[in-house]
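Undergrad: Sequence:
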Amino acid sequence: MFGRLKSVALDYEYSGCLENRWSFMISRWFGLARKLKFKDGYGFTMNKNNAHLASLFVKFAFYGGLLSDCDSDVPFSWKVCLDDNVIVSPHGLRFDLNSFDPLIFAETYVWDIHFCGFDLTNKVVIDVGGYVGDTALYFASRGAKVYVYEPDPLNYSKLLKNLELNPGLLRMVKPYNMAAGVDGEVSFRFGQWGNSSTMNPHGRPTKVKSVSLKTILEENSLSGAYLLKADCKGCEFELARQSEIRLFDQLSIEYTNTGRHSELLWLVKSLRSAGFNLIRVYKHSRSYAPLYEHGMIRAEKGR
Numbered sequence: 001m002f003g004r005l006k007s008v009a010l011d012y013e014y015s016g017c018l019e020n021r022w023s024f025m026i027s028r029w030f031g032l033a034r035k036l037k038f039k040d041g042y043g044f045t046m047n048k049n050n051a052h053l054a055s056l057f058v059k060f061a062f063y064g065g066l067l068s069d070c071d072s073d074v075p076f077s078w079k080v081c082l083d084d085n086v087i088v089s090p091h092g093l094r095f096d097l098n099s100f101d102p103l104i105f106a107e108t109y110v111w112d113i114h115f116c117g118f119d120l121t122n123k124v125v126i127d128v129g130g131y132v133g134d135t136a137l138y139f140a141s142r143g144a145k146v147y148v149y150e151p152d153p154l155n156y157s158k159l160l161k162n163l164e165l166n167p168g169l170l171r172m173v174k175p176y177n178m179a180a181g182v183d184g185e186v187s188f189r190f191g192q193w194g195n196s197s198t199m200n201p202h203g204r205p206t207k208v209k210s211v212s213l214k215t216i217l218e219e220n221s222l223s224g225a226y227l228l229k230a231d232c233k234g235c236e237f238e239l240a241r242q243s244e245i246r247l248f249d250q251l252s253i254e255y256t257n258t259g260r261h262s263e264l265l266w267l268v269k270s271l272r273s274a275g276f277n278l279i280r281v282y283k284h285s286r287s288y289a290p291l292y293e294h295g296m297i298r299a300e301k302g303r
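So the sequence shown is numbered by the UniProt record's numbering: it starts at 1 and just counts up by one.
The hints are simulated quantities; they were obtained by calculation from the structure and are not laboratory data.
Check the hints yourself; a few may be wrong.
Derived lysine-lysine pairs resembling BS3-like cross-links, with alpha carbons at most 30 Å apart [to be verified]:
# : residue 1 : residue 2
1 : K145      : K283
2 : K283      : K39
3 : K174      : K214
4 : K269      : K301
5 : K301      : K79
6 : K39       : K6
7 : K79       : K37
Please model the entire structure based on the sequences and the hints provided.
TA: Written as structure tokens, this is what we have:
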């Protein structure tokens, strides 16, 4: 009962991006067809067959994403092309709608949490926890050469699909279907919507191939890299222990721990000892977890 009430409350909150929120609530909970009118002007007819997709659009709009029709010229909007089953970013990046995750896409493109420079030409980015390719394409579209690691086979297949949808960037991204952390194999639990990890207690367990930072750099003939982006739900602490982390100029790390202040403190101290003396710790999403339990670290080497 409590879970159902919580879902209703969240739906009501998300639907604040609509001019007719009760149309969404009625369609969501009773399966009736209703035309949703977004406050940004976009319209979408929701029914029982597309209710999940409609809910994703509502959440994305709630997070600040601006939606429009495929042939629209609305500035800064994400074009929804239902006939092609794709959504197109304001900068022209194309993503399969089956890979569309409103929170993750909002973090990457609306809130811009991984921004590390306007021009990344000739910069190398190691993307650990590539998910469906949202960040790999984000960096590549700015000129970076990206080596992306994603162990979940379902996410990886969506990543490859999104790369194919952006042929002009294919040569800029080299994907690997493996985890990062230690060399060998690690226990991994497959989830969905960005929560596959070594820490997820509810996903389907399996063993996956894993590589260390040293192996990543050696196998790609790299002496270092401009940025290490890590969103791997558990491996960030292992990466921080490795001496090769010193070979990166910048870090963009999403951390998740067991809820102890000491773990975040250890992570910050480890990065400082590795030469990253400019460190910012901050919340990057609307999750209810406290900062010491879940957040972002941006680190650079100051002069």
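Undergrad: Do the alpha carbons of K283 and K39 lie within 30 Å of each other, as the hint requires?
TA: holds (27 Å)
Undergrad: Check whether the Cα positions of K301 and K79 lie no farther apart than 30 Å.
TA: violated (38 Å)
Undergrad: Against the 30 Å threshold, does the CA-CA distance of K39 and K6 hold or violate the hint?
TA: The hint holds at about 24 Å.
Undergrad: Between K79 and K37, does the CA-CA distance stay at or below 30 Å?
TA: holds (16 Å)
Undergrad: Mind checking the alpha carbons of K145 and K283 for me, to see if they're no more than 30 Å apart?
TA: holds (27 Å)
Undergrad: CA of K269 to CA of K301, is that 30 Å or under?
TA: holds (14 Å)
Undergrad: Hinted pair, alpha-carbon criterion (30 Å max): K174, K214. Please report holds or violated.
TA: Distance of about 17 Å is within 30 Å: holds.
The structure shown violates just one earlier hint, number 5.
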